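Colleague: What follows is the residue order along each chain.
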Amino acid sequence: MQERKGKVYSLAVTTLLTLSMVLSACGSSNSGNDNSAGSPNNNAANSAEPTVSADNAAANDGKSEVPGEKVSLEFWANKFEPTTDAWFKKWTDEFNKTHENIQIKLTIVPGDAWAQKLKAAQAAGKAPDIMTMSYGNIAPAAKLGQIQPLNDLMDPGVFNDLYDNVKDFVSVKGTYYAYPKLVEPSAVLYYRKDLFQAAGLDPEKPPVTWDELLDYGKKLTQKGIFGLATAQTAADLGWSSWGLQFNSAGHLPVTDDWSKADVDNDGFRALLNFYKTAYESGIMPKQALSAYADATPFGQGKVAMEISGSWSIGLFRNDFKNMLDKIGVAPMPSIDGDQTKPTATLGGWSLVVDGKSKHAKEAADYISWLLAGDPQIMIDYFKTSQFSKFSPRKSVDEAMNQDPQASSDPWRKLIAEKVIPYAKAEPIYTYDISLAFATAIESAMKGESVDKALQKAEKDINDIVAKQNLAGTNPKN
Amino acid sequence: MSKKNYRFDNATAYMMLTPIVVLLTIFVVIPFIYAVRVSFYDWSFYQDSVFVGMRNFTNVLTDDLFLKSVGVGLKFAILVVPAQMVLAFLFAHVIKGMGSKLAGFVKTAIYIPTIISGIIASIIFVFIFDYSAGIANYVIGLFGAEPQAWLAEVRTALASIALPAVWLGFGLTTLIMLAGLLDIPESYYEAADLEGAGSFAKMRFITLPLMRNVILFLLVTGFTGALQQFELPLIMTNGGPLNETTTPNLYIFNHFRNDVLVGNSIASALLLFVVLGSISAVIFKVLNSEKAVDG
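The listed protein sequences correspond, in order, to chains V and S.
Heads up: the first sequence at position 475 corresponds to 475 in the numbering used here, and the numbers run straight through without jumps.
So the number in the numbering used here is just where the residue sits in the second sequence, counting from 1, plus 477.
Just so you know, the hints here were simulated from the structure itself, not pulled from any lab data.
Predicted model, so just to flag it, every value in this text is computed and none were measured.
By construction, the Cβ of each residue, glycine as well, lies at the ideal position given by its N, Cα and C atoms.
Heads up, a few of these hints could be off.
Unchecked claim - Listed below are several chain S residues computed to face chain V (Cβ distance under 8 Å; list not exhaustive):
| hint | residue |
| --- | --- |
| 1 | GLN524 |
| 2 | TRP627 |
| 3 | LEU628 |
What the hints assert, rightly or not - Pairs of lysine-lysine, DSSO-like flavour, derived with a Cα cap of 27 Å:
| hint | chain 1 | residue 1 | chain 2 | residue 2 |
| --- | --- | --- | --- | --- |
| 4 | V | LYS321 | V | LYS260 |
| 5 | V | LYS90 | V | LYS302 |
| 6 | V | LYS260 | S | LYS545 |
| 7 | V | LYS418 | V | LYS321 |
| 8 | S | LYS552 | V | LYS452 |
| 9 | S | LYS584 | V | LYS459 |
| 10 | V | LYS452 | S | LYS545 |
| 11 | V | LYS286 | S | LYS545 |
| 12 | S | LYS545 | V | LYS456 |
| 13 | S | LYS578 | V | LYS467 |
Sequences and hints are given; from them, build the entire structure.
Modeller: Pasting the structure below:
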């Protein structure tokens, strides 16, 4: 355990020494996911690279080549797992080789340094032409003119290839501002089949209601093994509980027009009670064994059921191969057992063109080529991520269904069919609101009464609305 | 003639001052003035900034969390600085009494934490306070106690991050204390011995008064340093549980990271500047240092 943690930390430390800061969850939403789900060892998947068909590359070439001078573009990508970084490098090199007039300069920026580096560059007018952006940030950035509309820069056909719910993530009132790369649901239940059996539970019947989850947690807790692990600090709960907020109350803690808090209901009371009971009954550790995004303790066998994002599949498949046949995957239980209610939000990443980019057309050409072009490029990505992330494009899924390795993966099938269709988009309001609500959950876990915690959240959210003049500013409303 | 000399001196003085004045102007004065200006705007990099008057400041001042963070910073400083000073003072006496070879070794040894990055120290202490595998819980387990959630319990979190802060600052504080101690002429103590003064009287009437400037320096730098603590809570607790370890700088950083507009961060940074300045002024006033005591 020390060794693995050491790796992750030494990676973090290297970046930190230059910047003296680290975050367990970075960006305004869940940009921490991919970092901590890091899988240092797997380059094996890379060896099975698909080759871009010559036809395809040639076709793309013809379309995007602009006669004249060579254009050099800056591209900043958030640092994710080593496999993702390698994928960006590999295909950017490929793009540079096949496009004589465009040169993409790729910089991988650690999540911890992202906000600082980007804001400094924006202030100096030197923001990169192309950058990665999580879905929650797209609408606010579009509103401030930080990113450009892509409707006129990209072939409109490429947007028709997106699933309908994802179209909504990357557009504001019918205008597209980003092209999505992947989606990943924020909450999936991982459980240990062998421990289920030992506790007299049916390993093929994971819990489907919160009550069952708590009950199973009690039965599975023993010395050295906690029954359940999930987010338990405000910083983690802020984004990881969005899905359960939809699940319990059917909406988020603020009205759709952002004019006032909307927390006083039985759904949220049940939600706070769920976390409170889980924490106080001792089935969860009193202090988190790891951040929500990092399911390492489950892989190490310290936890019998872990709620984490789909990205943890990549972690288990890369680092805990000997555990794989003991691990079960199921949708996150729902408040009343109805598994068609949302339990997760779909996080994920897209590429955007900076609002001040002088070569927006070329930048958009690169995005089209990489994310919206040959499905094999994206399939290469999903393979290297061990199918822990999911495609926002229909054509990629269709092509993947022809792929024996992808189509026979039961976990991918389960998440694609039973979690993603019901998952919601991440909220686009200021993260302060999410934190205020998460603080209510945490204070209920730490002994505050549920009603008082919700009252405080209501007051705090109304304060935020008033101070930041949020009423009526929802760009999507 | 004297006039000429006078001018010559001035020119030299100005010449020698120039580099630091230029550097300070570029890196401190101009950014500071610019920050003050920006703090009155909804500063945007892509659209015209909007003048909002004092709104950023009133928002910060009416934010419970900002006030709480200043309180957390003060509590943290009170946990760290006195403990560090007392320990360093005692240990400096121990070193003073050692033979020179041993003292050299000990001085090097205690200085090591100072050169360790705060980030690395945080990670080491995260391991120590780990719930299921940390040394801290292992040790109290030997005495039959239940594992403690050191970093997640409101009661213990701040003290748990104060510990590495004391550890990190201990070496440097001790060495500065030791330098102060060695600066006191031995003859004072010999004279006191002849008068029959005990150890306590020597401490009370010779050591402490003559160490006043050293103590003042350590108090001011210690307090401002502790109030500005940032990486320990960032890595060890992320400001939790329930914001009990959100220091002012972490508060500012969180806003900088999460806010779409940076006005709030700048306004709170300027307000923190006022808080730090006032605290330093209070310490100076209390210790009354303008009448520097000369050894």
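Colleague: For every hint, state whether the structure bears it out.
Modeller: Hint check:
Taking 8 Å as the C-beta cut-off, the interface hint given for GLN524 of chain S holds, the closest approach to chain V being about 5 Å. At about 7 Å, the closest approach between the beta carbon of TRP627 of chain S and any beta carbon in chain V falls short of 8 Å, and the interface hint on this residue holds. At about 6 Å, the closest approach between the beta carbon of LEU628 of chain S and any beta carbon in chain V falls short of 8 Å, and the interface hint on this residue holds. A hinted pair counts as satisfied when its Cα atoms are at most 27 Å apart, and LYS321 of chain V with LYS260 of chain V does not qualify at roughly 48 Å.
For a cut-off of 27 Å, the pair hint linking LYS90 of chain V to LYS302 of chain V is broken: about 37 Å separates their Cα positions. The suggested pairing of LYS260 of chain V with LYS545 of chain S holds, with an alpha-carbon distance near 24 Å, which does not exceed 27 Å. For a cut-off of 27 Å, the pair hint linking LYS418 of chain V to LYS321 of chain V stands: about 25 Å separates their Cα positions. The suggested pairing of LYS552 of chain S with LYS452 of chain V holds, with an alpha-carbon distance near 26 Å, which does not exceed 27 Å.
About 54 Å separates the Cα atoms of LYS584 of chain S and LYS459 of chain V, which puts this hinted pair outside 27 Å; it is violated. Proximity of LYS452 of chain V to LYS545 of chain S is assessed by CA-CA distance (about 19 Å); at most 27 Å being required, the pair is judged to hold. Using a Cα cut-off of 27 Å, the hinted pair LYS286 of chain V and LYS545 of chain S holds, with the two alpha carbons roughly 24 Å apart. As the CA atoms of LYS545 of chain S and LYS456 of chain V are separated by approximately 15 Å, the hinted pair is consistent with the 27 Å bound.
Under the criterion of a C-alpha separation no larger than 27 Å, the hint pairing LYS578 of chain S with LYS467 of chain V is inconsistent with the structure, at around 63 Å.
Violation of the numbered hints given earlier is confined to hints 4, 5, 9, 13; the remaining hints are satisfied by the structure.
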